[in-house]
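From first to last, the protein sequence lines stand for chains A and B. Under full-length UniProt numbering, the first residue of the first sequence carries the number 1, and numbering increases by one thereafter. Under full-length UniProt numbering, the first residue of the second sequence carries the number 1, and numbering increases by one thereafter.
None of these hints come from the bench; they were simulated from the model. Here the structure is a predicted model, which means the values were calculated and not measured. Where a beta carbon is used, it is the ideal one built from N, C-alpha and C, also for glycine. Any given hint could turn out to be false.
If you want the footprint, here are the derived chain B segments under chain A, 3+ residues with CB under 8 Å [claimed, not checked]:
1. 72–79
2. 94–102
3. 352–365
4. 377–391
To give an idea of the interface, some chain A residues facing chain B are shown, with a C-beta separation under 7 Å as derived from the structure [what the hints assert, rightly or not]:
5. 40
6. 41
7. 42
8. 43
9. 47
10. 50
11. 52
12. 80
13. 81
14. 82
15. 85
16. 92
17. 165
18. 208
19. 316
20. 318
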Amino acid sequence: MNKTVFFGAVAVAGLAASMGSAATLDDIKERGSLNCGVTTGLVGFASPDANGVWTGFDVGVCRAVAAAIFGDPTAVEFVPTTGKTRFTSLASGEIDLLARNTTWTFSRDVDLKFDFVGVNYYDGQGFMVPKELGVSSAKDLDGATVCIQTGTTTELNLADFFRTNNISYEPVPIETNAEAQQQYLAGACDVYTTDASGLAATRASFENPADHVLLPEIISKEPLGPLVRHGDNDFGDIARWTLNALITAEELGVTSANVEELGAAAGNNPEINRLLGTEGELGAMLGLEADWAKNAIAAGGNYGELFEKNIGENTPIGLARGLNAQWTDGGLIYSPPFR
Amino acid sequence: MTNNHDRSIAFVRTEDVPAAPPPPNAAGPTKWLKDNLFATIPNSILTIVALLVIYLILQGTLPWLLNGVWVSPSLSVCRDILDGATGACFAVLTERWNQLLFGFQYPADLYWRPGLAFILLFFAAAPVLFFDLPRKLLIFTALYPFIAFYLIWGGSILTPIVALVGVVAGAAVYQRYVKGSFALGFFAGIVAALIVWNLGGLIIPDEEITEGAMRSVASRDLGGFMLNMMLGVTCVSLSVPLGIALALGRQSSMPLIKYICVIFIEFIRGVPLITLLFVASVMLSYFFPPEATVDLFLRVVIMITMFSAAYIAEVIRGGLAALPKGQYEAGDSLGLDYAQSMRLIILPQALKISIPGIVNVAVGLFKDTTLVSVISMFDLVGMIRGPILASTDWQGIYWELFGFAALLFFVVCYGISQYSQWLERRLATDHR
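Isolated chain A (complex conformation) (with noise of 0.2 Å):
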């Protein structure tokens, strides 16, 4: 059955892995799938429903990117990776792009070989205190008890906040979210420090919500990206590329639904002509149809609806955009231009 091609999976192994990473694309296209890691589960971002699809903002990622290559979102086969697996899964082949709210460091693009595409939420180290405690910034804090994941860059960032403001606090190591949210609500801490969307995540299933304040210091750097392996330059650009259309599309007003419409014929603004494929062969450029962007915007809508659907103000996550609006609100979205 599997043997000869398990005997002969172990004589080619080192020759494959050095030669794997190639061409990427034509893997794609003849599996006539995009292997997409995603979490196991994080609120928003990348999560089943009742009926097993996959929805969430990094989903909306895979499918977009899905969609520019086969024209079809649903296109994807989504590997569900672990904090621990996703960066061997990648590594490996195993998936062709890691869409798993994973932070943009140095040692990871140069360190670990990767590359990472763009940055499709800025997210930081933020605190979530009760009303009733009267906190109304980080810095009145002083000797508080503090719960904090252990071993994470949350625990130094802590840290060195506390100490560059000369005050002191009391750390609760704790091991997971879960358990974080349980030894805060029976009042084991005073304050509980972790990314602000997961905050927001985890103040959304209180009972009470209202009752819990996040804090409006962000005390840490931490810009989520999607990333693809060193070295496959070409479907790295295509990854970059759908990620800054979907980035444009929303600056540009294109939505998903007007976008069947603008793309239909060329209209009078050039810079949407490029993106939709009715104007130049940006397409071609990266070895796509000329209507690549316009599928990647119809899959699940540009930027703004995506994070509006997903993790929005009007879902029970509740996240403003924030640092995550268009540059041309006073954010940090910002993508070059389409020429």
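We have chain A; now place chain B onto it with these hints.
Same frame as chain A, but now just chain B:
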């Protein structure tokens, strides 16, 4: 003198007094209470304290259980329905019932397949577990792995048939040559099976069946409690024979075999299971090209089987060591060869001694199958921790889900332990 005589005895009872009922505090429930709950003052105090504790526990949990909400689309709706009252939100169990049992990727219209495989499991296991049943039922047990494989994974029916033919060919060759020498029969059997599998591999169609009732389901689509059951059943049934072989190998007088077994057992026992699972899921994919990876389910089965086989080997070694030397000598003096004396004299006794230990390992192994959730397989606990708790509808709900998981595991583990106690009584040949 008057005749006093007939009045000297005023009354003579001619029949027995009917037995009076015992005093109320010396019989019935009162006596039982007095003897068992209020025998002494410290006993009485303990009883009252215990009753108080039980009352407090029930006071906390009963409203929560009885007032539970069973139909609701999300946790927030649940809370609206309860409107501040205490009550569980069991709606998560009803809404995600299929996901908890089968994972979220198994095609919904095919749930009958693993369901049928689960029912057949009882028929397959019965003749092994209860040896009073007719021995002919064992034929079904032998066929069951192939049937279950076909039911759960689907695809071409040729795959399990070729596998079965390979096993049958191997067994036939083994039977043919084992009379000459055990080693010859053993290796000839393996070679024959390999030949059949390789030749059979040529006729199995490569493309997967994508439609119909028996379409293929990939291993990564398995999940839920089904995955725990599959891992548990497969690994326990594989690791017992492997463990026996390792235990015998460790006692072998042939140094090569002995040291292979010793090193294997000591290495596996010295490494945490979670490390082995990480090796299975992460490291192995570095060694194989992406197209030809060995199935993740198979990798995990191999690792868990190796792990529990090492433990079972040590349990059985304890059983072997407990037998008096005379039993071995008795086997030799009857002129039995090694295989015969092991099969007929030593192992039946050693295994009987080892039953509690083997069951202990089996129960532990079954619970250890939840560890696969750390390598992103969605077993019952993985489903709870990942997809269900991460959905916007259900995040923040813990007691109901983990309580349900605990209940499922308890039912299975308690069943196993009850079976083992029955088995010990059934096999008790000493006259106690």
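Hints, one by one, checked against the model:
Only residues whose C-beta sits within less than 8 Å of a C-beta in chain A count toward coverage, and the region 72–79 of chain B has 3 of them, enough to reach three; the restraint holds. Three residues within the 8 Å Cβ limit are the bar, and the region 94–102 of chain B against chain A gives 3, so the coverage statement holds. Counting residues of the region 352–365 of chain B whose beta-carbon sits less than 8 Å from any beta-carbon of chain A gives 0, not enough to reach three: the coverage restraint is violated. For the region 377–391 of chain B, the stated coverage by chain A holds: 9 residues have a C-beta nearer than 8 Å to a C-beta of that chain, and at least 3 were required.
The beta carbon of residue 40 of chain A comes within 4 Å of a beta carbon in chain B, closer than 7 Å, and the hint placing it at the interface holds. Of the supplied interface hints, the one on residue 41 of chain A holds, with its beta-carbon coming within about 3 Å of a beta-carbon of chain B, less than 7 Å. The criterion of a C-beta within 7 Å of any C-beta in chain B is met by residue 42 of chain A, whose closest approach is roughly 5 Å, and the hint holds. About 5 Å separates the beta-carbon of residue 43 of chain A from the nearest beta-carbon of chain B, less than 7 Å, and the hint is met.
Contact between residue 47 of chain A and chain B, as hinted, is supported at the beta carbon level, the nearest pair being about 4 Å apart and thus within 7 Å. The criterion of a C-beta within 7 Å of any C-beta in chain B is met by residue 50 of chain A, whose closest approach is roughly 6 Å, and the hint holds. Annotation: residue 52 of chain A was flagged as interfacial toward chain B, and the flag holds, the nearest CB pair being 4 Å apart, inside 7 Å. Taking 7 Å as the C-beta contact cut-off toward chain B, the hint placing residue 80 of chain A at the interface holds, the least distance being around 5 Å.
Hint status for residue 81 of chain A: holds, given a least beta-carbon distance of 5 Å to chain B, under 7 Å. Because the closest C-beta pair between residue 82 of chain A and chain B is about 5 Å apart, less than 7 Å, the hint holds. Residue-level restraint check for residue 85 of chain A holds (minimum Cβ-Cβ distance to chain B is 6 Å; threshold 7 Å). Nearest Cβ of chain B to the Cβ of residue 92 of chain A: about 4 Å, under the 7 Å cut. The hint holds.
Checking residue 165 of chain A against chain B by beta carbon gives a least distance of about 32 Å; that is not within 7 Å, so the hint is violated. Interface hint at residue 208 of chain A: violated, since its Cβ lies 9 Å from the closest Cβ of chain B, which is beyond the 7 Å cut-off. Against a cut-off of 7 Å between C-beta atoms, the interface hint on residue 316 of chain A holds, since the closest Cβ of chain B lies about 5 Å away. A distance limit of 7 Å between C-beta atoms decides the matter here; for residue 318 of chain A the minimum to chain B is near 11 Å, and the interface restraint is violated.
Hint violations for this structure: numbers 3, 17, 18 and 20, all remaining hints satisfied.
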